[in-house]
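J.: Each chain is listed here by its residues.
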Amino acid sequence: MSRPLGLGAMSLWALRRAARSLALLVGASFLVYATLRTAPGNMVDLVLGLNGTEEARATLRAEFGLDSGVLLGYARWAARAATGDLGRSITFSPGEGVAELALGAFAVTLGLALVSLLLSVTFAYALAVALGRPQPRQGLLLGPLSFLNAAPSFVVAVCLAHGINALIHLQLQGGGRVGPSWYPIPTYQSISDSLAPFSFAMISISLGDGLFMDLFNAVRAELRAVSGAQFMSAVRAKGARTRPHIVKNLVVPTLSLFTARLPLVLSAVVVVEYIFTLDGSGYLLFEAAKVRDVPVVVGVSLFFIAAVILMNLILDLVKAKVDPREVARVE
Amino acid sequence: MSAEMSAEMSAEMSGASVVRVEGLTVAFDTPAGRKTVVDGVSFDVSPGEVLGVLGESGSGKTMSTQSILGLVDGYPGVVGGAISLTHAGVTHALLADLPAHLYARRGVTQKRDRAWQRRSRAVMTPLWGQAVTAIFQNPRRSLDPLMTVGEQLVEALAAAAAKRGARPAAEALRAEALRWLERVQMVSPPRVFASYPHELSGGMCQRAMIAVALACKPTLLVADEPTTGLDATVRAQVVSLLRALVREESCAMLYISHDIREVLFLTDRVIVMRHGRVIERASTADLRAGVGERHPYTRSLLDASGLVERAAPAAPAAPAAPAAGALLLRARGLNKAFHGRDGGVTRAIDHVDVDLYRGEVVALIGESGSGKTTLGRALTRLLQLDSGDMTLGGEDLRALGGAPLRAARRGFQMIFQNQQANLHPSLSVREMLDESLRLHQPALSAQGRRERARALLARVGLGSHEERYVASLSGGEQRRVGLARILATSPALIVADEPTSGLDAAIKLQIIDLLSEVKGDDLTYLLISHDLGLVRKIATRVLVMLRGRVIEEMPIADLGARPHHPYTEKLLAAAELGDRELSLDAVSVEDVEAGARGCSYARVCPLARAQGLAARCAASPPPLAPHPRGGALACFGLRTDA
Amino acid sequence: MWSSAGARRALGAPWSTSLTLSALMVGAVLLCGLVNPLVEYDPVLEVDLSRRYLPPSAEHLLGTDGQGRSVAFRVFKGVEAFFFPGLLAGLLAALVGGALGATAGYVGGGLGRGIAAALELLDTLPRMVFLVLVCTIYQPSIALIAATSSLLFVPSVATLVRRRVEALAAEDYILAHVAHGFHPLKVVGYHLLWLQCRALLIRQFIFVFAYVLFIETALSYLGDYGVQEPRPSWGNMVAQTRTSPTEWPWLFPAVAIILTIAALLTLGDALAQREEEVKR
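Residue numbers (our numbering), protein chains in the order written: chain A, 2 to 332; chain B, 279 to 920; chain C, 860 to 1139.
Among the hints, erroneous ones may be present.
[Unchecked claim] The following label-pair restraints were derived from C-beta to C-beta distances:
id	chain 1	residue 1	chain 2	residue 2	range
1	C	K1045	B	R907	32 to 40 Å
2	B	P703	A	P137	20 to 28 Å
3	C	G968	B	A447	32 to 40 Å
4	B	R383	A	G229	58 to 66 Å
5	C	V894	B	P703	34 to 42 Å
6	B	A686	C	T876	19 to 27 Å
[What the hints assert, rightly or not] Result set (DSSO-like, lysine-lysine): computed pairs, CA atoms no more than 30 Å apart in a straight line:
id	chain 1	residue 1	chain 2	residue 2
7	B	K495	A	K249
8	A	K249	B	K797
9	B	K495	B	K441
Calculated directly from the structure, the hints in this document are not laboratory data. Beta carbons: idealized from backbone N, C-alpha and C, even for Gly.
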């Protein structure tokens, strides 16, 4: 007799899961497109203003399938998007391809989000292991921490940025060097590629929006649930080592933490990036939005949506690989 | 009694014991303050002996045994006493330097918890699996969900070998693991070896756990309520397996249970615990024979188990002969199938006919998955039937819908197995009853409802509980409130689904008494239960279900008193563990896949095998035919006898 | 319904210090929000360049900003920017999410799966990015931002409610009420949503309110879509740090944002926890 969930069932499940992700991507991009089409007034006028050339207007109409109905228009637009053609920037960086523009920026954003999340999870685990079993006295540490952690990330970022700015200003006033070498003076126009703003952004994200305490509480609950699980007693009682069991059983909950928090962290990154003038998609998004460069804004949005869906898919597949119950559960 | 006890104690102390516990005290801090859950408990186990620890939930029996394993979780945990564990001729004092980890603050004993945990781990690590190992309740949760059963068994074997200094090859380990799976009566060891725990039934998981535990070749096995949540026949299988294997392996066992039948069946000696103390020590033989003076609590446990009734058969015949009341509910040809996502079809109810007469108590017995709950729900119009007719008091039930159905519902109520279902955590008892009365007796004024609620509470034996909340009520009190709520509608029929599940023995008896007390002459019960003790106490008629079919029907007096369907026979043997011949048939129904067209029991039925009927039984279902002594029976094998 | 004894008991349990402080803070914001429409404020008339960057004094409790306007008064007036939109968005998300979640959980089957799929789809939209997209395409206003925020929160509210309802269905809670003879609408609306999900809904309401505060201040800080100078918002007041990094008036609105959001979240958690504790 073969196991009901053999390799065949597993790959079948993976295929179905991938198909669902694709359907989600189609649905979400349609939502974006529909939002675009329901805009009041003529979209071409909205984007180009009244003095756009006839040629530019025609290009835009073709790019967004504006001549057809919503469904057909979406099909045309999506077909182009699927080949990597997301149109051209109009006002932000005229003529440049949106896909290239957004891809470069998105790499920074995704990197920032993932590194921040990874760092927060690591520290959350460290703190949870260090504190061990919950005790009343720990409230003295955790109470204020969770209160302060509730501050929005952009406020934390502003506080940090302000501190840096003030420092630079004082140094300038003191007649010293023209700003510290470790931090480029933010000019809110140019884009720096230094590690310093990246780390400051990372710190802001970790310390803001309650992310760290949220992760800490979740991690602590998982740790307690896994190490206190009955099968862990059974493992001890039979004289085997518990660590491999604990580690294996923590993989799925930890991945779930990632999946659940990623959209929130991406949202936080958008604002924080802008504050630290990091050349990411947050910065791109707001700068393009300022000049109403609709193709760029739409392109960046699509990258965010695709990234969330793709990360969810990858994490689900890894989870299914580790935990055979996942396949049975997510039907 | 004390003289007898001390004599016993000294006799125990003279022998070398595997484990000796003296004056063990375990306490926990709760929001309400320090609570001592084990209070100066002493006992010991000789090599190869089986000691039963009998007690209800909260009696401290689990904590006393967890202490031996060094697995007590919570603060401060073990705070006093001594435990010595003898393995391979060496005696280990597990709590030797416990006092060094204790200190007093404001008159309360505190513990250096982390240091103690570390020390305890260090002492226990070489002993786990060798000197002592354990199996727990909730077998599904005892196995790591992410590893196959085989991997976990091999892990145990490898760990045991490593402690002996050996490193057997992977192939040898696998072969031994398969051999163990066979010893615990797995139908297909290689398949179980490669299965994950979630792919196995609860009984199979527990048997796998027994294999894991005994494969370590321990000196002492601690079995903590290993049959909780298992069906009666599965429970019987696990218990008899445990009994046989422990003897074969000549390993000592501490068997913890709340079930006196299991304890009497398995053990050589018994201690009874209550409120953290040992209140009774007796040999199993004495308890069985009813020899000697007993603590009133032990007495009540024996009473509740129904074992005493057996000893005195002249007890007054419990239920009066069924008054031949008018027909209340008539159901014909009920069918209900559930379609699984994988395309499989489960016939939850398969051509079932039921007649209920006014004033009757009809018991519906069968194992989980037999469709008895589904049938109960079908009769109360809680699920859509595929086909069949139902009339209640002459009214066509299946034709009702919407408002008329809601109005008719006051005539037939259901007690759900999960008592949380009928109670609100955020409403007081009075508010709950008020809600029901407003719904079903709209004519009553607020004052009238208040008085009625008070009368209902008095009727179910609750006095001053009006302003209480569910959380502050005990399990028994919750059942009473649930019953009061149902009585508020003054129904004609109550379908009670396992009304006493999860209750301690004494409370169970009270609830049974209450049920028969409020019944009166007119009320009709359909009692869904696997508890034959309860059934014997109040039922007048019994229906037996197997995989969606009613296979036997009999007056209560005939239960156990005439030849039964082989499956009913098995149910009885499992319920009356030790009192009735239990065929050590390896296969229980849960191991056999459904889908047979004929009798679902055909593939494992000893009668069919003996009479060479297996093919015929499997081909078509035997019809439910009247039995000469009353009732009916669906079995080809017994037709001729009848 | 608010006088239901359970809710009263939940509030009646002893209050911890952090909970008391949070409640006071939220109470203050609530009071400011309610009084705000009654107080007239013309930000242009307030400008008085002769009293720039005054330190805190009896006349100007938190000092004055770069244009001589009272910081305290602007902090008070800044509540208006998020208060009513936040309340409305919270209410909308809780009501729509609760209704959808309860329907999906109660009805189940094809409709339930359909609702769940639609909610999952909505949940893939990154909130901040979608808000910017909507603001780029439509005329940005705080009403639009609040409406979009509440829409973006409907999936999470509905999913929580649906899980709770499904758990209750597994415990036969719903079936028991149907069996008792209650009208299905009463079971969904009263027994499921009110008796069993109210703590969850109130917590989500508070959460959405806090999110609108966050979004409003963040967008106002960034400058293009939120409240524009000279009208005050905590966000655009904090933004002054960009033009005058050495001055301090930005600090007060920043502290106000941190304290208000922290207090809201603490209060929401505590209320939910209390309700759970009462049940136990």
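J.: Indicate, hint by hint, whether the structure satisfies it.
T.: We went through each hint and held it up to the structure:
Hint check: K1045/C to R907/B, Cβ distance near 49 Å, so the stated range 32 to 40 Å is violated. The beta-carbon spacing between P703/B and P137/A, approximately 26 Å, falls within the hinted interval of 20 to 28 Å. Taking the beta carbon of each, G968/C and A447/B are about 54 Å apart, not inside 32 to 40 Å as hinted. For the pair R383/B and G229/A, the supplied restraint of 58 to 66 Å is violated, since their beta-carbon distance comes to about 26 Å.
For the pair V894/C and P703/B, the supplied restraint of 34 to 42 Å holds, since their beta-carbon distance comes to about 38 Å. About 55 Å separates the C-beta atoms of A686/B and T876/C, a value inconsistent with the hinted range of 19 to 27 Å. Between K495/B and K249/A the CA atoms are separated by roughly 27 Å; this keeps the pair inside 30 Å, and the hint holds. For the hint pairing K249/A with K797/B, the CA-to-CA distance comes to about 55 Å; that exceeds 30 Å, so the pair is violated.
At most 30 Å may separate the alpha-carbon atoms for a hinted pair to count; K495/B and K441/B meet this at roughly 12 Å.
Checked against the numbered hints given earlier, the structure breaks hints 1, 3, 4, 6 and 8 and satisfies all the rest.
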